[in-house]
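Asker: Below are the chains, spelled out letter by letter.
2 protein chains.
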Amino acid sequence: MVNRINHVAILVKDLESALSFWRDALGLPVERTEENPGENVNIAFLPVGESEIELLEPIELDSTLGKHLAKRGAGIHHVCVEVDDIDATIERLKAHGVTLINDEPKVREEGTRYAFIHPRSALGVLVELYELPSA
Amino acid sequence: MVNRINHVAILVKDLESALSFWRDALGLPVERTEENPGENVNIAFLPVGESEIELLEPIELDSTLGKHLAKRGAGIHHVCVEVDDIDATIERLKAHGVTLINDEPKVREEGTRYAFIHPRSALGVLVELYELPSA
Numbered sequence: 005m006v007n008r009i010n011h012v013a014i015l016v017k018d019l020e021s022a023l024s025f026w027r028d029a030l031g032l033p034v035e036r037t038e039e040n041p042g043e044n045v046n047i048a049f050l051p052v053g054e055s056e057i058e059l060l061e062p063i064e065l066d067s068t069l070g071k072h073l074a075k076r077g078a079g080i081h082h083v084c085v086e087v088d089d090i091d092a093t094i095e096r097l098k099a100h101g102v103t104l105i106n107d108e109p110k111v112r113e114e115g116t117r118y119a120f121i122h123p124r125s126a127l128g129v130l131v132e133l134y135e136l137p138s139a
Numbered sequence: 005m006v007n008r009i010n011h012v013a014i015l016v017k018d019l020e021s022a023l024s025f026w027r028d029a030l031g032l033p034v035e036r037t038e039e040n041p042g043e044n045v046n047i048a049f050l051p052v053g054e055s056e057i058e059l060l061e062p063i064e065l066d067s068t069l070g071k072h073l074a075k076r077g078a079g080i081h082h083v084c085v086e087v088d089d090i091d092a093t094i095e096r097l098k099a100h101g102v103t104l105i106n107d108e109p110k111v112r113e114e115g116t117r118y119a120f121i122h123p124r125s126a127l128g129v130l131v132e133l134y135e136l137p138s139a
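Those sequence lines, one after another, are chains D and V. Note that this note's numbering has the first sequence beginning at 5, numbered continuously upward. Note that this note's numbering has the second sequence beginning at 5, numbered continuously upward.
It should be emphasised that the hints constitute simulated quantities derived from the structure, not laboratory data.
Mimicking BS3-like on lysine-lysine, the simulated pairs with C-alpha atoms at most 27 angstroms apart in a straight line are:
| id | chain 1 | residue 1 | chain 2 | residue 2 |
| --- | --- | --- | --- | --- |
| 1 | V | Lys75 | D | Lys75 |
| 2 | V | Lys71 | D | Lys75 |
| 3 | D | Lys71 | D | Lys110 |
| 4 | D | Lys75 | V | Lys17 |
| 5 | V | Lys71 | D | Lys71 |
| 6 | V | Lys17 | V | Lys71 |
| 7 | V | Lys75 | D | Lys71 |
| 8 | D | Lys98 | V | Lys17 |
Quick list of simulated restraints, FRET-style, between CB atoms:
| id | chain 1 | residue 1 | chain 2 | residue 2 | range |
| --- | --- | --- | --- | --- | --- |
| 9 | D | Thr116 | V | Pro51 | 20 to 28 angstroms |
| 10 | D | Asn106 | V | Val111 | 43 to 51 angstroms |
| 11 | V | Val34 | D | Asp89 | 18 to 26 angstroms |
| 12 | V | Val34 | D | Pro41 | 37 to 45 angstroms |
| 13 | V | Arg36 | D | Asn106 | 31 to 39 angstroms |
| 14 | D | Thr37 | V | His122 | 19 to 27 angstroms |
| 15 | V | Glu35 | D | Asn106 | 24 to 32 angstroms |
| 16 | V | Val34 | D | Lys98 | 21 to 29 angstroms |
| 17 | V | His100 | D | Lys71 | 28 to 36 angstroms |
| 18 | D | Lys75 | V | Arg36 | 34 to 42 angstroms |
Note that the structure is a prediction, hence the values are computed from the model and not measured. Glycine included, each C-beta is placed from N, C-alpha and C at the ideal position.
For reference, chain D alone in the conformation it holds in the complex (with noise of 0.2 angstroms):
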């Protein structure tokens, strides 16, 4: 059972040029946001009604997401959906044909459990899929 989109993340090249058009021009409120050396990444968190624009800025341009970035330009990165039960939805999309990035779910520091489908089995988007922690 999918939920809802919990976000839509955007690849941006300057955190501070984004917001400028998302929250500024567009009027987004920021909820938060978030310096991750971790996965390389400062991410800004825009609450859009049960969703979250996500502004991803690259810290190093070596990394995954910046070469990303060098190669296909800024953008829309992917789009996660959630799930109620991450391990049925894998077992679903497996059987299915679906290659996954992450066969096995990770976790977050808070509790989310995560994984990522394989663009290529999802004709070309970049599908993320969360399961949130119980209340």
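Fit chain V to the known structure of chain D by using the hints.
Answerer: Same frame as chain D, but now just chain V:
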């Protein structure tokens, strides 16, 4: 005021292949499909929470969408956000130096008013604005 993500539009070569991923493998329901020769596109609408995934299949390769598909490949095409007042939003965007593809909102058959922000002003992202008809 931006209320929610109305839809994420995904450009696909072939609707049936795309549905085999989004509907059959991932399990999203298909609310409806629409053949729209006027805009040269067949569309499948898949609700996810308060938003939708829209799959866009160009009918003619010699159309704007068809050429985009040939040039950039399949993938996320645009994100559409719903606003209360599209005229006020456009005015605000222009005051911030943002370029729109259509300065005056267009109107769909069912009354939705819409406009596209130029990707140049949104750091590589094609953003659509929707103002839904009053209930």
